[in-house]
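Sequence lines, in order, name chains A and B.
FYI, the numbering for the first sequence is 1 to 191, going by the numbering used here.
FYI, the numbering for the second sequence is 192 to 269, going by the numbering used here.
There may be inaccurate statements among the hints.
[Stated by the list, open to error] Computed Cβ-Cβ distance ranges for the label pairs, DEER-style:
{"hint": "1", "chain 1": "B", "residue 1": "Y229", "chain 2": "A", "residue 2": "E127", "range": "35 to 45 angstroms"}
{"hint": "2", "chain 1": "A", "residue 1": "P36", "chain 2": "B", "residue 2": "R230", "range": "51 to 61 angstroms"}
{"hint": "3", "chain 1": "B", "residue 1": "S226", "chain 2": "A", "residue 2": "W131", "range": "31 to 41 angstroms"}
{"hint": "4", "chain 1": "B", "residue 1": "D243", "chain 2": "A", "residue 2": "E120", "range": "39 to 49 angstroms"}
{"hint": "5", "chain 1": "B", "residue 1": "T269", "chain 2": "A", "residue 2": "D5", "range": "55 to 65 angstroms"}
{"hint": "6", "chain 1": "A", "residue 1": "G179", "chain 2": "B", "residue 2": "T269", "range": "49 to 59 angstroms"}
{"hint": "7", "chain 1": "A", "residue 1": "K119", "chain 2": "B", "residue 2": "D262", "range": "49 to 59 angstroms"}
{"hint": "8", "chain 1": "B", "residue 1": "R214", "chain 2": "A", "residue 2": "E127", "range": "30 to 40 angstroms"}
{"hint": "9", "chain 1": "A", "residue 1": "R65", "chain 2": "B", "residue 2": "P212", "range": "39 to 49 angstroms"}
Hint data in this document are derived by calculation from the structure and do not stem from the laboratory.
All C-beta atoms in this analysis are idealised placements derived from N, C-alpha and C, irrespective of residue type, glycine included.
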Amino acid sequence: MLLSDDELWALSYYRTSEINGSLFFGRLARTLKPSPIQHDLTKHFADEAQHAWYWTDCLDRLGTRPIKMSDAYQDQYLEAAGLPVNLMEIMAITLVFERRVINQYARHLAVPNVRAEVKETIERIMEDERWHVQWVRDALTGMEDRFGKDTIAETLRRYKAADREVYAHTLAEHEARLGFLLDAHPRAPED
Amino acid sequence: MTTPSNDEITARIAEVLGVAPSRVRPEVVLPELVSDSYRLVEMAIELQDDYDVIFSQADLSSVTTVGDLADLIRTRAT
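All chains should be modelled from the sequences, with the hints used to inform the complete structure.
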């Protein structure tokens, strides 16, 4: 059975978000001087690129092709919260975003009768996403002396507020397409 | 680290952005040099790394020109 238009749209949206994440982190990895953060960020961007491939391959195995999209979820973040201007802010926005990604994929896994190809793809990606949250959280902890624990906590609060706003906006904007996800209840919500 | 001069900073900005130094004059507004907001983020990260300073969103919201940015870096690097 072919994917519904709504499922195709959602999977294509995930793919585009992974591509945009990869491009952003790739540019950043190119910018940073050698350091543990540069090391982990390089793996992070490689993972995101791989995830975009997983979705492309998943869609192929499902007998279809991704929809070409220009904007991704991340672009709305920048509009809602402003451009991150230092490395701590980039790590903070990344931590909030990665948690949202895990939450969203968990929600998708909870959709009744989720297709085997989709389930396999999400589970494969989730393994990396857990590491992404871990390394970014550790990087932020390592920045406490330089940026201040309170400043980091305040930045995370700001980006979490932006995330809630963007997610609500995305659901409202694409309510018809994402309706099949709204009734799904993940077993272990992340936030 | 000694405080960098405005000339040194503008030369570094030109290098980071990959534009001709003659284009990076104090009165030039940054969007003329950086049309892509992601490039602006990269430049900010690279300059903070170079001069061991930290920018905040409030700092950068008051930066319009190359001269403003050079002044900010010079003040912070002092």
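Here's how the hints hold up against the structure:
{"no.": "1", "hint": "B:Y229 / A:E127: 35 to 45 angstroms", "in the structure": "28 angstroms, violated"}
{"no.": "2", "hint": "A:P36 / B:R230: 51 to 61 angstroms", "in the structure": "25 angstroms, violated"}
{"no.": "3", "hint": "B:S226 / A:W131: 31 to 41 angstroms", "in the structure": "34 angstroms, holds"}
{"no.": "4", "hint": "B:D243 / A:E120: 39 to 49 angstroms", "in the structure": "46 angstroms, holds"}
{"no.": "5", "hint": "B:T269 / A:D5: 55 to 65 angstroms", "in the structure": "59 angstroms, holds"}
{"no.": "6", "hint": "A:G179 / B:T269: 49 to 59 angstroms", "in the structure": "57 angstroms, holds"}
{"no.": "7", "hint": "A:K119 / B:D262: 49 to 59 angstroms", "in the structure": "55 angstroms, holds"}
{"no.": "8", "hint": "B:R214 / A:E127: 30 to 40 angstroms", "in the structure": "46 angstroms, violated"}
{"no.": "9", "hint": "A:R65 / B:P212: 39 to 49 angstroms", "in the structure": "46 angstroms, holds"}
When held up to the earlier numbered hints, the structure conflicts with 1, 2, 8 and fits the remainder.
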